[in-house]
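Number of protein chains: 2
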Amino acid sequence: MDELFLGIDLGGTNVEVGLLDTQGAILARDSFATEVKLGPKSVIERMAQACEKLIAKNNIKRDRVKGVGVGSPGPLSIAKGILINPCNLPGYANVALRAGVSGKLQIPAILNNDANVACWGEFWMGAGKDVKDMVMFTLGTGIGGGIISNGELLTGYDDNAAELGHIIIESGGRRCGCGQLGCVEAYASANATAARAIEALEQGRPSSMEKVRKQNNTITCKDVFEHAAAGDKLANEIIDGTAQALAQVCVNMLHTTEPEMIVLAGGMIKAGTLIADRTAHYFQKMVWTIKKEPTKICLAKLGGDTAIIGAAGLALHAYKKRSLYPIGK
Amino acid sequence: MDELFLGIDLGGTNVEVGLLDTQGAILARDSFATEVKLGPKSVIERMAQACEKLIAKNNIKRDRVKGVGVGSPGPLSIAKGILINPCNLPGYANVALRAGVSGKLQIPAILNNDANVACWGEFWMGAGKDVKDMVMFTLGTGIGGGIISNGELLTGYDDNAAELGHIIIESGGRRCGCGQLGCVEAYASANATAARAIEALEQGRPSSMEKVRKQNNTITCKDVFEHAAAGDKLANEIIDGTAQALAQVCVNMLHTTEPEMIVLAGGMIKAGTLIADRTAHYFQKMVWTIKKEPTKICLAKLGGDTAIIGAAGLALHAYKKRSLYPIGK
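So the sequences go chain by chain: A and B. If you read the first sequence in the numbering used here, its first letter stands for residue 18, the second for the next number, and so on. If you read the second sequence in the numbering used here, its first letter stands for residue 18, the second for the next number, and so on.
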C-alpha cells in the first residue's frame, strides 16, 4: 500500500490541510480560520485535529502516513523548525511549529516557508513537472520567490534564500518596504503596479483609470490589468513597466542559478497570460546575444492547491532522502 | 595510502598541472605554454605528458591517482565533457577535452569551467574553507563567478550558471560586451573601472591620473588603485563606483542563494583589501534593515594556485560522490 503525506499551509487568514499520495493526488482536504489571536498553541492543536479528521474520515490506516510538511510565513528556521518573527502572525515569534505539529500527530515532519513550499508544489506537480532547474516568482502584495536547482530547493546558509522580491534592479531606485532602494518588489508587485498607476494619474496623465480612481479613491492592480486589456494606453505602459522589471530579474536569475523555466504565480496571474507574455518579450530583448536562451517564462498551474501540494510534496521528498525530522523534534 | 588527484588548468596562454593529496597539499606542479595554434590534439597530448611526468618524477604509485579535474574557459558542457565555443581558444569548438585527457591517462576525469573551478578551490582550501554557502567574483578583464550552495557547485540546467558578471544592475545602463545593457561587468571589472576613469578624464575632471594618461595614452585599473591610495579624489570616486556596483550584486546574491561569504578574486585584488572593504561598506548601506546581515565580503586567499587546487579538488569531490566520468568518456 502506497505511503501518504500530509500538507499543512499556515496563512494569516486560513489554515489549509491536505492528505496526498506519492503521485500528488489530493485524497482529502479541509481548511479552517487561523484566528491568529487565539495563539500558536491553539493553532497547532487545531492543525492536528484537522489532520486527524482527514485520516479518520477516509478510513486511512494511520501508519500509511509517513510525513507532514508544514508551510508558514517566514522568516523561520528550517533546521530548528521554528518561526522567527513572521509579520503576519504577531505573537508567533520563536514558536516551535514543526515540533508541535509532529508531536501532536506523532508523525515526522518538515517546515519550510510558504514561498518555497509553493515553488516546490509547482515544481513537483505543476508547470515545472518536467524540469530540474526552476525559479518561481509569486506576484502578490509583495514578491516572493523560490529556487529549485538540480532538483533541490535552495535554502541558503540561514534559510532565507530566494527573497527574490528584494533583488535590486535600479541603484537608488524606488523605496521598498524592506528598507532597500530599487527592489523589484517596489516596481512589479501587485501593490507597486497599482502605486505606479496612481502616481501617473496624480501627475495628470490621461487614462480610463481616472474614473475608477475618482469612484473608489484608489486603483488596484486588477483595475490596471482590466484597463490595459480594454486598450488604455497608460495602463499598458504601467504593465510594461512591471514586465520590464520582471524581465530584468529573469535575466539576472538566468545568469545566477540558470533555470530552465521561470514560473510566475500569485494574485497577479489571475489576469491571464499577458504578464508572462510581456515578461518573456522583454526578457528576449534584454538578454545577452552570446547564445540563444530558450528559458521558458510561464504561468503557474496549480492555483490555490500549490500550498498543500507543495507541503506534502516536500515531506515526501524529505522522506525519500531520510531527512524528515524525528517525531516531536 | 592516501588517494591522489590531478588538477589541470587550461588557459589561453599557459596550461598548469598539479598533483594533490586529499588534504589539498600540492605534491608536485608544472606548467607549459598552451600554444593554442598547435590545436587541441597537441594540447591534450602535452597535458597527459605533463601529468605522467609529475607522477613519475615523484615516484608515485600510479594507481593512487584516482581522478583528474580539468578546468577550461567556457562555454562548455560538463555532462558531455566538451568545449562548446571558447572565445580564448579559437578552433577548439566541440573538442572532447575530458575524454581526451582521461583516455590518454587512463584515469576517470571531470571537466568544469575555469571560474567554477577557481571558486571550488577557494571553497575547499581558501577563504571559504569553513562555510557551506559561498559566492565568488573574479574581477579581471571581465567578471567571472561561481556559486557554492550547501556544499555543491551550482551549474544550472545548461552548465552556464553563475555568469555573475552579467547580472544587470542598471536598466538601460552601460553597454556590456555580451550584448546586454547595465551588466555589473560594464561597471566593476578591471577594464570597466579603467574605462570609467578615462571617461571622467576626457570630461576634463582634474586628477593626478591625467599625467599617466598623457604619458601612456591610457589608464589601467592598477593606475586607478594606485592614485586612489595616494589620495586622488577622482580615482577614489571611480573605485567607489566599482565598490557600489559590486555591493549591489552582493545584495542580490544574498537574496538569491544567500551565501555566508562572498569572496573577491582576480587581478583587481592585487591592490589589497581596499576593494573588499569598500564593497562591504556599501553592502551594509544598501542591504535591507529587516534583519542584520553578517555576510562576510573578503579576498581570495589562494592566488595563482586556485586553478589546480580547485580542479584537483573537484575531482576528489566527484570521486567521493562516485560521479567522476569513466575512463575515456
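Some hints could be false.
You can't tell identical chains apart in this list, so a pair holds if it fits in one copy or across any two.
[Unchecked claim] Below, simulated DSS-like cross-link-like pairs (lysine-lysine); rule was C-alpha separation at most 27 angstroms, straight line:
| hint | residue 1 | residue 2 |
| --- | --- | --- |
| 1 | Lys338 | Lys149 |
| 2 | Lys70 | Lys146 |
| 3 | Lys337 | Lys70 |
| 4 | Lys308 | Lys149 |
| 5 | Lys302 | Lys149 |
| 6 | Lys149 | Lys346 |
| 7 | Lys83 | Lys231 |
| 8 | Lys337 | Lys149 |
Just so you know, these hints were derived from the structure itself, not from any lab.
Query raised in the report: Checking against the hints above, which ones are violated?
Result: 2, 7
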